[in-house]
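Enquirer: These are the residues of each chain, in order.
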Amino acid sequence: GAVVSQHPSWVICKSGTSVKIECRSLDFQATTMFWYRQFPKQSLMLMATSNEGSKATYEQGVEKDKFLINHASLTLSTLTVTSAHPEDSSFYICSAADRDGLGEQYFGPGTRLTVT
Amino acid sequence: AQSVSQHNHHVILSEAASLELGCNYSYGGTVNLFWYVQYPGQHLQLLLKYFSGDPLVKGIKGFEAEFIKSKFSFNLRKPSVQWSDTAEYFCAVNSGGYQKVTFGTGTKLQVIP
Chain A
82 GAVVSQHPSW VICKSGTSVK IECRSLDFQA TTMFWYRQFP KQSLMLMATS NEGSKATYEQ
142 GVEKDKFLIN HASLTLSTLT VTSAHPEDSS FYICSAADRD GLGEQYFGPG TRLTVT
Chain B
13 AQSVSQHNHH VILSEAASLE LGCNYSYGGT VNLFWYVQYP GQHLQLLLKY FSGDPLVKGI
73 KGFEAEFIKS KFSFNLRKPS VQWSDTAEYF CAVNSGGYQK VTFGTGTKLQ VIP
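Top line first, the protein sequences correspond to chains A and B. For the first sequence, our numbering gives the first residue as 82, with consecutive numbering after it. For the second sequence, our numbering gives the first residue as 13, with consecutive numbering after it.
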């Protein structure tokens, strides 16, 4: 089946530093990848949609200069949290949709970010 | 804009009890519907999906869901739950032809042995 990996699975960083999270589709080509944020006891909040080779589309209220997304290839998308603050601490999840574009998404295991 | 409502936030059942989790969406056009499950400590997995055809969809692990267009609903059911079904369940919808998916707030299911 379709497998999506994320790296790292957890990271602790200091305020003001930047953190990069990778999302890879291991056995299929993902034309579109999505980045979500999940707060405790809440649902997934879509942050942005990234299409290979083009700029990401950010959801309302998500700062594009703070959450930099790059989708350089059909199997890799990266999310960089720049100048991280404690309020950025969260669980970040990526998902990937295959070329069919029928809406089914395959989810990565998530990355727990803690900013101290 | 599309939205998804899951009215049950936390459900506690005994093993062998029947399960029905409600999901309603708001979108007037063609939709694709999904149920995802997140077991403790694991990532989201697809339980079942509806794109078209038979409105009664069967998924993995004995789950099924029925799409009732007139009620904008896609409720999840299982006739007899097991302890291993303890997880959080998310309903999701996207409008046909558009990949962006909207998730409901999730329902935490706890099955007591």
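No lab work stands behind these hints, which were simulated from the structure alone. Among the hints, a few may not be true.
Stated by the list, open to error - Output of the computed footprint for chain A on chain B, the stretches with three or more beta carbons under 8 Å from beta carbons of chain A: (1) 49 to 61; (2) 115 to 122.
Stated by the list, open to error - DSBU-like, lysine-lysine: derived pairs with alpha carbons at most 30 Å apart: (3) A:Lys95 to A:Lys136; (4) B:Lys70 to B:Lys120; (5) B:Lys112 to B:Lys73; (6) B:Lys112 to B:Lys61; (7) B:Lys112 to A:Lys145; (8) B:Lys112 to B:Lys83; (9) B:Lys112 to B:Lys81; (10) A:Lys101 to B:Lys112; (11) B:Lys81 to A:Lys136; (12) B:Lys120 to B:Lys73; (13) A:Lys147 to A:Lys136; (14) A:Lys147 to B:Lys112.
Every residue, glycine too, gets a C-beta built ideally from N, C-alpha and C.
Enquirer: Now tell me, hint by hint, if it's right for this structure.
Expert: We went through each hint and held it up to the structure:
no., hint, in the structure
1, 49 to 61, "holds (count 6)"
2, 115 to 122, "holds (count 4)"
3, A:Lys95 to A:Lys136, "28 Å, holds"
4, B:Lys70 to B:Lys120, "21 Å, holds"
5, B:Lys112 to B:Lys73, "26 Å, holds"
6, B:Lys112 to B:Lys61, "15 Å, holds"
7, B:Lys112 to A:Lys145, "18 Å, holds"
8, B:Lys112 to B:Lys83, "22 Å, holds"
9, B:Lys112 to B:Lys81, "20 Å, holds"
10, A:Lys101 to B:Lys112, "23 Å, holds"
11, B:Lys81 to A:Lys136, "35 Å, violated"
12, B:Lys120 to B:Lys73, "17 Å, holds"
13, A:Lys147 to A:Lys136, "15 Å, holds"
14, A:Lys147 to B:Lys112, "22 Å, holds"
Of the numbered hints stated above, the single one contradicted by the structure is hint 11.
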